[in-house]
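Protein chains in written order, with full-length UniProt numbering: chain A, 1 to 357; chain B, 1 to 357; chain C, 1 to 357; chain D, 1 to 357.
Simulated from the structure, these hints should not be mistaken for lab results.
It is possible that some hints are incorrect.
[Claimed, not checked] Which residues of chain C face chain D? A few of them, derived with a C-beta cut under 8 Å, are:
| hint | residue |
| --- | --- |
| 1 | G62 |
| 2 | A207 |
| 3 | Q333 |
| 4 | L334 |
Here a beta-carbon is modelled for each residue, glycine too, at the ideal position from N, C-alpha and C.
Given next are the chains, with one letter for each unit.
Number of protein chains: 4
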Amino acid sequence: MSALTTIPADIACLADYRRYAEQLLPSPAWHYIDGASADELTKQANESAFARWQLIPRVLSGVTNINTQVNLLGQMHQFPMLLAPVAYQKLAHPSGEVGSMQGAAAQDIGYILSTLASTALEEVIDYKQSADCWFQLYVQPDWHDTLALIQRAEYAGYSALVITVDAPINGLRNREQRAGFVLPAGVSAVNITATQSPQGLQACLNAAPTWQTIKQIMASTHLPVILKGIIAVEDAMLAKELGVAGIVVSNHGGRVLDTMPASVMMLSLIRQAVGNDFLILCDSGIRRGSDIFKALALGADAVLIGRPIMYALATAGPLGVAHMLRILKDELQLTMALCGCASIADISTKHLITLQT
Amino acid sequence: MSALTTIPADIACLADYRRYAEQLLPSPAWHYIDGASADELTKQANESAFARWQLIPRVLSGVTNINTQVNLLGQMHQFPMLLAPVAYQKLAHPSGEVGSMQGAAAQDIGYILSTLASTALEEVIDYKQSADCWFQLYVQPDWHDTLALIQRAEYAGYSALVITVDAPINGLRNREQRAGFVLPAGVSAVNITATQSPQGLQACLNAAPTWQTIKQIMASTHLPVILKGIIAVEDAMLAKELGVAGIVVSNHGGRVLDTMPASVMMLSLIRQAVGNDFLILCDSGIRRGSDIFKALALGADAVLIGRPIMYALATAGPLGVAHMLRILKDELQLTMALCGCASIADISTKHLITLQT
Amino acid sequence: MSALTTIPADIACLADYRRYAEQLLPSPAWHYIDGASADELTKQANESAFARWQLIPRVLSGVTNINTQVNLLGQMHQFPMLLAPVAYQKLAHPSGEVGSMQGAAAQDIGYILSTLASTALEEVIDYKQSADCWFQLYVQPDWHDTLALIQRAEYAGYSALVITVDAPINGLRNREQRAGFVLPAGVSAVNITATQSPQGLQACLNAAPTWQTIKQIMASTHLPVILKGIIAVEDAMLAKELGVAGIVVSNHGGRVLDTMPASVMMLSLIRQAVGNDFLILCDSGIRRGSDIFKALALGADAVLIGRPIMYALATAGPLGVAHMLRILKDELQLTMALCGCASIADISTKHLITLQT
Amino acid sequence: MSALTTIPADIACLADYRRYAEQLLPSPAWHYIDGASADELTKQANESAFARWQLIPRVLSGVTNINTQVNLLGQMHQFPMLLAPVAYQKLAHPSGEVGSMQGAAAQDIGYILSTLASTALEEVIDYKQSADCWFQLYVQPDWHDTLALIQRAEYAGYSALVITVDAPINGLRNREQRAGFVLPAGVSAVNITATQSPQGLQACLNAAPTWQTIKQIMASTHLPVILKGIIAVEDAMLAKELGVAGIVVSNHGGRVLDTMPASVMMLSLIRQAVGNDFLILCDSGIRRGSDIFKALALGADAVLIGRPIMYALATAGPLGVAHMLRILKDELQLTMALCGCASIADISTKHLITLQT
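Chain A extracted, bound-state conformation (with noise of 0.2 Å):
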């Protein structure tokens, strides 16, 4: 089946999405896409793990205006959730990272770039409008590769790096395997050569990046690096003191090493760790505005949204991405108002308890 072009009335909310790309894409796809590491216990642990504090609202609070504005890296952007850098979005829809940009450029929400997107950078930054755009970088085996890499997304526009250095070697993708997934004809990574994939553990370890490496971009960009894959409180330090722009706390959606735990149960250990004066982004597992809500409020400034991104565009293609956004933005400010918060800055643990039932 091809993706829909209106949205259907019985979307409610991101499930519903799931739903939906799970009718519409070839198996194969449905299972890269939804699947995760090993036995998915991560995955599911990152969606279950926002149950585990429970909102208190506050009422006939007097809050009549809600801003959800935040500053990242200098910039305001209207709402504290970027894209997360999604790769192969033509396996979604065939409009691919071109149509999830314009989805989220209608929504005024930032975006980061993969590097293994399945359209050329320069092609997709083309429909950027006011929102902020990253670049999102593997390093790659050759040094002139990686370099060559930045300066592409530099000279386009892209105005961070966020360098993921959570998974040096592939996950054990066993649901993808057992569902036999290849890339189809078409959809590759156009921004790289097929060359500079290694194959097999030793070959990946080899390519892997360290601090050391990081240390060496930062001397050759002018653009913040941000490091996207934190989860044990010692790397965030380390990263902090190496002096990155900021973190993203995450498991990459549980696709690299299961048993991690939720991203969202690390933010607050973190927090605490690093102090208030170092940006700290958070994914994984993040599917309601409560969720957002509830990120911020442990420690977040902002949120990254990956596999929705896919859920949206297999449905509804840039329309879609578009509601999606749309369906968070409302959500949120709606917990946001029903909690009394008029700001970002105004979310806080006092509107969360754990009470265990």
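With chain A's structure known, arrange chains B, C and D on it following the hints.
Same frame as chain A, now just chains B, C and D:
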């Protein structure tokens, strides 16, 4: 299908009424009535939370008389329970609010009429017998409309105002949206005019009541004022300071903001904070007489029953409501007898234990 | 279908007897026997609670002889288990209480006959062999009826009175009500007259025994008196103070008041409160020899087995009861052997651990 | 059906082998192999317990080489894993123990042969390559039979004795009994004579080894002696005091006594009690390389793999075993790489966290 004219022999408890209602109601109405906000986690928590406390019965206690009377706002109620102000009761049965009032009157149970009743408030109270009848108020965008409603309620004979403060904006009723629910012909909020309902977040927030509004209402009526929808301990204390007559600890049956804690989980925290000399009612999730017993033990003076009104109306009209209330009365009396409590004042946390299996 | 005449090879444990009984019994009788009060949460808790304690076996212990004898009320029992006083056993099998007595006698297991037995108490005890036979007493509304029952039991040779104190009123047997259960022709409480059963809450409470009644009974019989149905620690202490011979920690298999804690959860609290020199039996939820082991470790002197009598009777009559009891004996012996316990006195909480996964 | 001759593409992990084995094996053999004692709660706990610990990965660690070698009893093993002594392997595949040995040898993994092997112990060790081969001993009722077995094992070249101490009597294999399992023609314990197996509890206890038996064995052989089946901390300490070479913390895969704790739950308690200078192996429930990582972090020097041998043999014979072991090797290496552990010695509880959602 239409409602039954006798009570089927296999209705033994409130869950049985829910089962029948699901069969008898048109699907959209069913999902409007039974549904809740977003993923309905709060609705589920409301119902499952009571199992957290186990009952410790007492034997050979010599109790030979069970007295369930409570004094609420200076009036003696035969039972520590009122019907909650459920909107649009004609959705469940043609008799609507008159039907539920007849059922309540037959069992001598107090009644709260919703601003969004589908029957004129003057018509409903005509069926009042000895038990009290209160009016639930949604503050209207225009002060004069609010005042007019209050005066109509006073004039008609309602003896308290229950102001709902937890729903300044509509909840995310995902299930209801998917089911395509709209009010059918012949069912509407006949006590207000359509133009009084604000549309959209901004309009809702502009029209939302504040603590100042409550003060203004208290100055405009001789009726005691109860605030419905308190979850935060701080809001309970503010309410008491303002001088209202009481509060309803409630999350609106999970219909407004999902992932709020179960109402009953907040009860003892709130009772502890406000002290014993302040009226606390509680609703959300009460389906058994033992649930009423537990809510009273945890600090409530009385409870409200919501959705079961609709389940019972849909199943067997006024007769169903009367029977449903009778079941709750019998169940509470049995629980009191087995726990050795001759009167409501005897019910305390000494009869509860929380043992985790 | 009627009961089997041989034990099927696929009956390996008590749960298998339950499975067969469900197939073989008429549905209303099945739901009467297997059902419990309200939502049956206490019944479920009774069975699942045992998994809370894990067994710590001991190796190379040198135990070569397993002795399961216990002294109860001055009599040596070959096994720390008695058949509980289950009512109306002819519902399960035409042999009724005689059948279960034959099964118990074959395994040298003690027996407690219910006041609500469907067979004359004199007839049942005719089948007694070496193991003790006790009589369970429901106090009757008229003292002379109570006294007459006691004297009949004494005269017939029952050697203890087990007075049930936790069921002054009938439980909310919702499942039984939905199934439309009534006693079939030929099954009735032949030891009492129908007029002795009070109807309605008030009549039940008027007829309910008190601590004073127990004193009166103790003064009227030379038989040792055991109170069955104690859950509150305070009631256990009152019972000991009154001078009864012992108690049964029991929630009546979850048949009276739902959401009571599992019996076994209260055991160690009660044992700690009353000290070691007081007889404590325990029932509700025991389905494995390892459950017996755990109950003894937590403070019970012996346990009662209830519903499994009916499952086994329904499946294969007296033979089924004997085999069911044999399974429990084998399972307890195996558990003792693997835990290095040569005798009942060796069983203690040292063999238990509570590790949460 | 018979075993496959190639590895199906949809086998990505050990659970996939289990799925295939269930399809390929006759039902009774399947239930014998896959089943466990009683309600199989311990078996389930073994597998689910690992999820209690979440992995904390480290990024940018600079690890470029993964060394999985461990020294066990003075011999270097390429991998901290051995095949557990699973009985009657011809049930799974005609190649039986020879098949599993071939698979182990192909992956350079150590091997433990069961006393209840369905192949002569001399024939199996013929297929040994560089990795060590140990012999599992069930102490026989007659000391001369025991001694003869030990001497055969020594003479054949087995380099350690693993004495199983947790199964002096047969477990309650309810599932196996219901399935009517009996050893099929051509599968038997060829290394012992049938008359050596005691029948019944008393005979089993009479024949059961004691601490004295272990001393006697240690005095009769130059082979290092390991005790398999230790769960109690006290038994671990007694074993160390006696001077054995090591222990296997194991609950026999849940096949002996149900409701024992998961083996891995006892690991750190036991390691803490016996100190670091004592060999501890662990089995029961390991199905992932990450499980091995966690067991090592919690105190094991190496682990044993049991049922998966049979799953893999049944699916694809020796090739299946080799592939199954290869999966575990790859998974452990990946886990080590992502956690920044270059060697087994780097694995510690610092890489684990226990966060409850």
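Using Cβ atoms only, decide whether A207/C comes closer than 8 Å to chain D, and label the hint accordingly.
-> violated (42 Å)
May I ask you to test the interface hint for L334/C with respect to chain D, counting a Cβ-Cβ separation under 8 Å as satisfied?
-> Interface hint status for L334/C: holds (6 Å vs cutoff 8 Å).
Tell me if G62/C is really an interface residue toward chain D, meaning its C-beta lies closer than 8 Å to one of theirs.
-> holds (4 Å)
Residue hint Q333/C, partner chain D, criterion CB-CB below 8 Å = holds (6 Å)
Checked against the numbered hints above, the structure violates only hint 2.
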